[in-house]
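> Read off the chains here:
2 protein chains.
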Amino acid sequence: MKGKVAVIGVGMIKFGELFDKSLENMIQEAYLNCLKNVEKGIDPKEIKAAWFGQWSGGFIGQGAQGGQSLASMIGNLDISCSRIENACPTGGDTFRNACLGVASGVFDVVLALGAEKMRDKPSAESLGGAGGGGGAETGNHPSWMMGQGGPAIQAMHATRQMHELGYTMEDFARVAVKNHHNGSLCPYAHYQFEITVERVLNSPVICWPLHLFDCCPQTDGAAAAIVCRADLAKKYTDKPVYVWGSHLGLDHNQLWDRSSFVSQPSVVRAAKGAFEMAGIEPKDVDFAELHDCFTNTELMDIEDVGFARSGEAAKKLKDGEFDMHGKLPINPSGGLKAHGHPIAATGLGQIFEVVTQLREQADKRQVKLKNGIGLQQNVGGPAFGAAVVNILSRSR
Amino acid sequence: MKGKVAVIGVGMIKFGELFDKSLENMIQEAYLNCLKNVEKGIDPKEIKAAWFGQWSGGFIGQGAQGGQSLASMIGNLDISCSRIENACPTGGDTFRNACLGVASGVFDVVLALGAEKMRDKPSAESLGGAGGGGGAETGNHPSWMMGQGGPAIQAMHATRQMHELGYTMEDFARVAVKNHHNGSLCPYAHYQFEITVERVLNSPVICWPLHLFDCCPQTDGAAAAIVCRADLAKKYTDKPVYVWGSHLGLDHNQLWDRSSFVSQPSVVRAAKGAFEMAGIEPKDVDFAELHDCFTNTELMDIEDVGFARSGEAAKKLKDGEFDMHGKLPINPSGGLKAHGHPIAATGLGQIFEVVTQLREQADKRQVKLKNGIGLQQNVGGPAFGAAVVNILSRSR
Chain A
1 MKGKVAVIGV
11 GMIKFGELFD
21 KSLENMIQEA
31 YLNCLKNVEK
41 GIDPKEIKAA
51 WFGQWSGGFI
61 GQGAQGGQSL
71 ASMIGNLDIS
81 CSRIENACPT
91 GGDTFRNACL
101 GVASGVFDVV
111 LALGAEKMRD
121 KPSAESLGGA
131 GGGGGAETGN
141 HPSWMMGQGG
151 PAIQAMHATR
161 QMHELGYTME
171 DFARVAVKNH
181 HNGSLCPYAH
191 YQFEITVERV
201 LNSPVICWPL
211 HLFDCCPQTD
221 GAAAAIVCRA
231 DLAKKYTDKP
241 VYVWGSHLGL
251 DHNQLWDRSS
261 FVSQPSVVRA
271 AKGAFEMAGI
281 EPKDVDFAEL
291 HDCFTNTELM
301 DIEDVGFARS
311 GEAAKKLKDG
321 EFDMHGKLPI
331 NPSGGLKAHG
341 HPIAATGLGQ
351 IFEVVTQLRE
361 QADKRQVKLK
371 NGIGLQQNVG
381 GPAFGAAVVN
391 ILSRSR
Chain B
1 MKGKVAVIGV
11 GMIKFGELFD
21 KSLENMIQEA
31 YLNCLKNVEK
41 GIDPKEIKAA
51 WFGQWSGGFI
61 GQGAQGGQSL
71 ASMIGNLDIS
81 CSRIENACPT
91 GGDTFRNACL
101 GVASGVFDVV
111 LALGAEKMRD
121 KPSAESLGGA
131 GGGGGAETGN
141 HPSWMMGQGG
151 PAIQAMHATR
161 QMHELGYTME
171 DFARVAVKNH
181 HNGSLCPYAH
191 YQFEITVERV
201 LNSPVICWPL
211 HLFDCCPQTD
221 GAAAAIVCRA
231 DLAKKYTDKP
241 VYVWGSHLGL
251 DHNQLWDRSS
261 FVSQPSVVRA
271 AKGAFEMAGI
281 EPKDVDFAEL
291 HDCFTNTELM
301 DIEDVGFARS
311 GEAAKKLKDG
321 EFDMHGKLPI
331 NPSGGLKAHG
341 HPIAATGLGQ
351 IFEVVTQLRE
361 QADKRQVKLK
371 NGIGLQQNVG
381 GPAFGAAVVN
391 ILSRSR
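As they're listed, the protein sequences go chains A and B.
Residue numbering for the first sequence is 1 to 396, as defined by this note's numbering.
Residue numbering for the second sequence is 1 to 396, as defined by this note's numbering.
Because the hints were derived from the structure by calculation, they are not lab data.
Some clues are possibly wrong.
Because identical chains cannot be distinguished in the list, a pair is counted as satisfied if it fits within a single copy or across any two copies.
As the list claims (entries may be wrong) - Calculated cross-link-like contacts (lysine-lysine; reagent style DSSO-like; alpha-carbon spacing at most 27 Å):
#, residue 1, residue 2
1, 370, 327
2, 272, 316
3, 272, 234
4, 272, 48
5, 14, 316
6, 48, 2
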């Protein structure tokens, strides 16, 4: 795929509790923002296919959202559009499938869009219920998590990180502090306020040792990217961003099959595949948007992607290496911690951030670029056994 | 894509009311049958990616089935696997995405697999409920069909076919008679018995003018195909089948936006795209597996794909043109009418049939080949606004 695929436009909406917007509204707004973002302009009819990331339609009863819904909502029935659902990595995987579609030579210009209404139902019936096996929609099949929702699984990881790696609740809280700071500078974030380690540790315990502020919020949102043949990209923009690596990594469906609780093999596999495709190493990356659904998860992600050895992420974080102006900024957007996690929109929101940073258009949250390479990562699904890593670069 | 992609193995299980098999059982059986079907053998580890078609997991509460479920169930965690959900064309679209994955140059050998448990819930809560807007899972979003289930929509089409084209209930019934005959010769069909026009017309009315035997049954099933780079195919089999055309066509989400009820624009678009890619015309096709969820739908499919002009399909059917040994056999497998419609498995079951016929391994139901070209088609989704057409050939 390297050298064949470029991003020519990205768009998202401000994530939040968007009770005043329908799914259609959010999709249309992200799509129009995306079209506007194509520097030299684009005729929507040039888009010949789309991949539509959508989770909530199936799982929490927000209506059936097949590929045709996207086509119908953006008023372009001449596209082919598949719906991708792949749990929490749905957004990153939607982008991956769009890239494969372009690399195939069948389509020159395609759209990847993810959108979710997460707040129209209470948490217990939304991500909490579906993810936790409490919901009627997902609880009755043994391949799902059987009562183990996101906080419960990550709390097991966190206790093991404390036991094996010596990590502390303060270490986890520092992830929240960093990401809330970054989010306070990002106009798209759900939460745009700073917090302190004390505030995290004094917030209610959701699932020990994770506090309220160790968890990302549940949020509505939509985000999109227009993906194009690399050799045509300059027609649309002087600042194309090229896709160097893209890989989906998987693992067992069940926690009892896991050999470690301080590492997520799905992430290790996704990163390995993406780096191999890109032909680079973690040290070549300037910054990354990682899947911090919980604070301890970001520390695992950092290690599993290869930015730190196991047990070293917390110290590097404390030393400021992952700060916005540190050696390797992690989640300059504020991450899921500040943006929330509208499943299919999350990964594409991260792609938005990586592209915006690589174009040096990130305003107050702009990181310093060296090699001009950024990385996006998601993880989730039953037992967190699905992960995706996309690596993007300013150079073809 | 033409010239780049081949099918080297197909596998399915006997469709039916499979209360004695779990989703895992069905997936594993179809997968193992598919591996065995690769003539010169294949090491499962050569499969590097998969696309998993799954509808019921999200929509009728059979558990969350992301891509990792397939990987975990077949015991190969080193694959990348996305879940595709695209309503009734999920199976054909899963195959399309697998083909794009190979055409991209990223993967040499991939798996497309679709499986559904449709019978563990009563019809009213299964396809009937979800499709009809009666189910809690899908009824509460206005982009879905708002009370219009499959039978109701197709009954509207059927009455319009009667009014505009002069079609009769006998014409519809003849589709059932033909397909039940074909199905009686196919060991994979759910229903393996003959019926008569009289039996169709004397069966209970489901939604006038459609009788019970105008409707396909609800059925459990699984089917799979292994897709490979065309230039590597002969390593695995002396009888590769090549993918010449593959296209997904869409239409509005709502019936009130439809301009005709004797044609489905999604099918017209899918066929146009697939024929353009293949560089052939409908007259070049030897036989086809079309989406006969209802008998009148097959007549529309025949016309929309381009095998007959509008209003001419019924006469050609009556004249025997679409019989197994007619000029253009339609649904030599028995179609959905005899196989049932386990959503994501349906399209891949049709691919199984097309490949088996093109290899001349279809035993009692073998059709005569001239050009060695077969076609597969699905249609469905809200207002039947999603369709897929795949065109396969013995020649590269």
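> Does each hint hold? Answer for all of them.
Status of each hint after checking the structure:
With identical chains, the CA atoms of residue 370 and residue 327 are at most 27 Å apart within one copy only, with a shortest distance of 10 Å there and 66 Å across copies. In this homomeric assembly, residue 272 and residue 316 come within 27 Å of each other (Cα to Cα) only inside a single copy, at 22 Å, whereas the closest approach across copies is 57 Å. Taking the shortest Cα distances, residue 272 and residue 234 never come within 27 Å of each other, neither inside one copy (30 Å) nor across copies (30 Å). Taking the closest pair of Cα atoms, residue 272 and residue 48 come within 27 Å of each other only across two copies (14 Å); inside a single copy the shortest separation is 31 Å, beyond that limit.
Proximity of residue 14 and residue 316 under a CA criterion of 27 Å is satisfied in neither setting, with 31 Å inside one chain copy and 57 Å between copies. Within a single copy, residue 48 and residue 2 get their C-alpha atoms as close as 21 Å, and across copies as close as 18 Å, so both meet the 27 Å cut-off.
In this structure, the earlier hints numbered 3, 5 are contradicted, and the remaining ones agree with it.
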